[in-house]
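Colleague: Residue-level listing of the chains:
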Amino acid sequence: MSSEQTRQQWRLETGPDSADTLEILFAGRWCLDQELPSVDVLRSALGSRPKRLTFRTDLSAWDTGLPAFLFSLIDLCGEMGIEVDQEGLPKGVRRLLAMAEAGRERKVSRAPSDRESLLARTGTATIRFLHGAPEMLHFLGEISLAFVRLLSGRAQFRWSDMWVEIEEVGPRALVIVSVISFLVGLILAYLGADQLRLVGAQIFIADLVAIGMVREVAALMTGIIIAGRTGSAFAAQLGTMQVNEEIDALRILGISPIDFLVLPRMLALLLMMPLLTLYSGFVGMLAGLLIASSIFDIGMFEYYNETVRALELKYFIVGLVKGTVYGAVVAYAGCLRGMQCGRSAVAVGEAATSAVVTAILMITISASILTIVFYQLGI
Amino acid sequence: MEPAPHIEVRDLTMAYGDFIVQRDLNFTVNKGDIFIIMGGSGCGKSTVMRSLIGLQRPAAGTVLYDGRDFWNVEPDERERLKRRLGIMFQSGGLWSSLTLGENVALPLSEHTDLAPRMIREIVAFKLALVGLNGFEEFYPAQLSGGMKKRAGLARAMALDPDILIIDEPSSGLDPLSARRLDDLIVELRDSLDTTIVLITHELASILGIGSNSIFLDAETRTMIATGNPREAVRSGDPRVRHFLSRGEA
Numbered sequence: 001m002s003s004e005q006t007r008q009q010w011r012l013e014t015g016p017d018s019a020d021t022l023e024i025l026f027a028g029r030w031c032l033d034q035e036l037p038s039v040d041v042l043r044s045a046l047g048s049r050p051k052r053l054t055f056r057t058d059l060s061a062w063d064t065g066l067p068a069f070l071f072s073l074i075d076l077c078g079e080m081g082i083e084v085d086q087e088g089l090p091k092g093v094r095r096l097l098a099m100a101e102a103g104r105e106r107k108v109s110r111a112p113s114d115r116e117s118l119l120a121r122t123g124t125a126t127i128r129f130l131h132g133a134p135e136m137l138h139f140l141g142e143i144s145l146a147f148v149r150l151l152s153g154r155a156q157f158r159w160s161d162m163w164v165e166i167e168e169v170g171p172r173a174l175v176i177v178s179v180i181s182f183l184v185g186l187i188l189a190y191l192g193a194d195q196l197r198l199v200g201a202q203i204f205i206a207d208l209v210a211i212g213m214v215r216e217v218a219a220l221m222t223g224i225i226i227a228g229r230t231g232s233a234f235a236a237q238l239g240t241m242q243v244n245e246e247i248d249a250l251r252i253l254g255i256s257p258i259d260f261l262v263l264p265r266m267l268a269l270l271l272m273m274p275l276l277t278l279y280s281g282f283v284g285m286l287a288g289l290l291i292a293s294s295i296f297d298i299g300m301f302e303y304y305n306e307t308v309r310a311l312e313l314k315y316f317i318v319g320l321v322k323g324t325v326y327g328a329v330v331a332y333a334g335c336l337r338g339m340q341c342g343r344s345a346v347a348v349g350e351a352a353t354s355a356v357v358t359a360i361l362m363i364t365i366s367a368s369i370l371t372i373v374f375y376q377l378g379i
Numbered sequence: 001m002e003p004a005p006h007i008e009v010r011d012l013t014m015a016y017g018d019f020i021v022q023r024d025l026n027f028t029v030n031k032g033d034i035f036i037i038m039g040g041s042g043c044g045k046s047t048v049m050r051s052l053i054g055l056q057r058p059a060a061g062t063v064l065y066d067g068r069d070f071w072n073v074e075p076d077e078r079e080r081l082k083r084r085l086g087i088m089f090q091s092g093g094l095w096s097s098l099t100l101g102e103n104v105a106l107p108l109s110e111h112t113d114l115a116p117r118m119i120r121e122i123v124a125f126k127l128a129l130v131g132l133n134g135f136e137e138f139y140p141a142q143l144s145g146g147m148k149k150r151a152g153l154a155r156a157m158a159l160d161p162d163i164l165i166i167d168e169p170s171s172g173l174d175p176l177s178a179r180r181l182d183d184l185i186v187e188l189r190d191s192l193d194t195t196i197v198l199i200t201h202e203l204a205s206i207l208g209i210g211s212n213s214i215f216l217d218a219e220t221r222t223m224i225a226t227g228n229p230r231e232a233v234r235s236g237d238p239r240v241r242h243f244l245s246r247g248e249a
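In the order they appear, the protein sequences are chains A and B. Residue numbering for the first sequence follows this note's numbering, beginning at 1 and increasing consecutively. Residue numbering for the second sequence follows this note's numbering, beginning at 1 and increasing consecutively.
Extracted from the complex, chain A is given alone in its bound form:
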């Protein structure tokens, strides 16, 4: 048999050397810069079940393309019970094959495959979720204990870390909070104007924007912005520390990673979120004022008076409580996912994504619960 291709420069010939022996000739260039054959081209020749395989060469050049082919061929011959005599191969090829054969001796249990059935994947996801719930509660408990240690002055906590975090989550978030809050205030003003114009009550744009922003929207929007900006950053920072074994190093030295890493982040967000919520409400109301006075011909002083009349202390309390709770859940979700992170770059990315998803889900759940609670309390 002869297998030669015009574009390629390799040549492979097989022929019986004797009754039980098959001889293979490797000729031409066997280099990776061209299309090389796989071992499948010899399957039919080996189908005659020779007892022995020998080689002959007439090579102009070769690289690892040749020993890679031979490595697979020897593997195949092993499966078929054919003895392989490497004597006719170049010395360098034989040495490389010997090194590869030494590496082949090792038996490895395969890594678990990702290709599971839909049912198996659903089951795995359910089990993971059920295992995840106690883990989340455990983490909450650890944070609570860390707060107790902090209050009793026993926490392994550096105030300097907290000031760095405060700067990161507070002042550095002002620009994005300003932009989003302004645009949301603008949307609320337009939304109200469209409906209130029908009954000639456009002045109540001020009430809608003020109460809407202060009571609900400022906290919600700030929570979502902070979840995307800060929650993911917490998860990525702590996840990278897991990868670099920094958290293991803390544990070995008897330093609680919760005290040292989680507490400063939790405290920073708990302190900054109410302030960011207030700021967001103010920017939203400012946007309403600008739109109402410039587009809908409502006087600035008139708008201001209506805003002051509409706002009550309870709206600020509701907004601040919600903002603080959202801050707590964002910090919790970010730190939880960061501490649960695996030990690879992919895992860090997954932790960051998971932190944002968890935070937004928890914000939505807590918003619903708080709305019902405040309704029942008549606030």
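Incorrect hints may appear among the rest.
To be verified - Restraint ranges, calculated between C-beta atoms of paired labels, are given here: (1) Ala115/B / Gln86/A: 23 to 33 Å; (2) Ser368/A / Leu98/B: 37 to 47 Å; (3) Glu137/B / Asp161/A: 35 to 45 Å; (4) Asp248/A / Tyr16/B: 27 to 37 Å; (5) Leu174/A / Ile224/B: 51 to 61 Å; (6) Glu219/B / Glu245/A: 47 to 57 Å; (7) Tyr16/B / Glu79/A: 52 to 62 Å.
Just so you know, these hints were derived from the structure itself, not from any lab. Just so we're clear, the structure is a prediction, and the values are computed from it rather than from any experiment. Virtual Cβ for every residue (Gly too), placed ideally from N, Cα, C.
With chain A's structure known, arrange chain B on it following the hints.
Modeller: Relative to chain A, chain B alone:
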């Protein structure tokens, strides 16, 4: 016969801003050399390597590959030159989202016309060469540090490069694996005419397989010795002798 120069480094100075890492380096790596860049920790070995592979532009000086000025050729030409290099990074530098098999296969599928079946065969062979046959489906995160290094070498060898640049191959490996890796490096040189540049401070590798070397000094921030490392043991410079005899000379 005169050895043919493969890499020529002329008056190379590496710096981070105003901080000079190494200055006035002059050396030649010949075809078929196992060339050692050695020196103590923090002397700038890896920084010099980064200038050889196109990751960090030198502050001054030239790097010539077969006479072509690596840093001053057109970007396309530089990319072609880079393709002749195989690099094994200190920590392996494996892509964590890909399995070991995919890590080794990617350069082959990107830069050759080989069929997927043949690529699989080559991947199996290259992983077997570094003792990782059977680990094709594993992700880097599932491997030990030493295994990651060996997998990094398999990936560096994927395209049978003319020049293999290896950063700290033996550190973190057990003595037998380190010896096996050294044997493989020698075999690659002998069988495939690969030129090897080893960045290391492992004495067993330096004295066992090095054919030429330079010694970088952290204090003076320049090279203070060059030549066959086994002869450098008897160097006139006490710092080199001290280093190569583990502080006993």
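Colleague: Give a verdict on every hint.
Modeller: Going through the hints against the structure:
no.: 1; hint: Ala115/B / Gln86/A: 23 to 33 Å; in the structure: holds, 25 Å
no.: 2; hint: Ser368/A / Leu98/B: 37 to 47 Å; in the structure: holds, 42 Å
no.: 3; hint: Glu137/B / Asp161/A: 35 to 45 Å; in the structure: holds, 41 Å
no.: 4; hint: Asp248/A / Tyr16/B: 27 to 37 Å; in the structure: holds, 30 Å
no.: 5; hint: Leu174/A / Ile224/B: 51 to 61 Å; in the structure: holds, 54 Å
no.: 6; hint: Glu219/B / Glu245/A: 47 to 57 Å; in the structure: violated, 31 Å
no.: 7; hint: Tyr16/B / Glu79/A: 52 to 62 Å; in the structure: holds, 55 Å
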